[in-house]
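With the hints as extra help, turn the sequences into a complete structure.
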Amino acid sequence: LLGSDMEMTCASIAQFSQKDAEAYPAYEELLGKVRDVLRPLLDAPPPDPFQGHFHERKQAFQTIAQLTSGALRHRDILAQLYELLTAPASQVLDKWFESEMLKTT
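Heads up: take any position in the sequence shown, counting from 1, add 46, and you land on this note's numbering.
Treat the hints loosely; a few may be bogus.
Quick list of in silico lysine-lysine cross-link-like pairs, DSSO-like style, CA-CA up to 27 Å [said to hold, decoys possible]:
| id | residue 1 | residue 2 |
| --- | --- | --- |
| 1 | Lys79 | Lys141 |
| 2 | Lys65 | Lys79 |
| 3 | Lys65 | Lys149 |
| 4 | Lys65 | Lys104 |
| 5 | Lys141 | Lys65 |
| 6 | Lys104 | Lys149 |
Note that these hints are calculated values from the structure, not bench results.
Structure, rendered in structure tokens:
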């Protein structure tokens with residue numbers, strides 16, 4: 047169902063739901079922004095600016111600065127990011143898609 051090419055992926059999704067095929071690029075764009083915001087947490091240990099030696103504190107502050115920068119750059123999706131991280135997956139996917147085939151892929 048899902049491929050490496052957006053056009054082919056949307057054509058595949060459209061076999062089950064045209065509405066989902068139209069929504070999919072926006073959903074992928076959202077996930078890209080989420081990745082951009084969260085990337086500093088994936089590339090470094092959890093930031094704790096009050097523990098460790100100077101170098102560790104400096105790294106923690108740099109990670110926090112990167113997180114803040116990403117959050118400001120993509121502030122339009124922060125509510126969706128929060129929902130994505132805290133809500134059941136079914137709730138998030140139900141808002142985006144109607145096809146059970148896509149939601150379970």
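* **27 Å Cα cutoff - pair lysine 65, lysine 79** => holds, 22 Å
* Measure nothing beyond the straight line between the CA atoms of lysine 65 and lysine 104; if it is 27 Å or shorter, mark the hint as holding. => Violated - the C-alpha atoms of lysine 104 and lysine 65 are around 47 Å apart, more than 27 Å.
* Measure nothing beyond the straight line between the CA atoms of lysine 104 and lysine 149; if it is 27 Å or shorter, mark the hint as holding. => Judged against 27 Å, a Cα distance of about 42 Å means the pair is violated.
* Take a quick look at whether lysine 79 and lysine 141 sit within 27 Å of each other, Cα to Cα. => holds, 18 Å
* Going straight from one Cα to the other, do lysine 141 and lysine 65 come out at no more than 27 Å? -> Judged against 27 Å, a Cα distance of about 12 Å means the pair holds.
* **lysine 65 paired with lysine 149 [C-alpha distance capped at 27 Å]** => holds, 13 Å
The structure fails hints 4, 6 (numbered hints given earlier, in ascending order).
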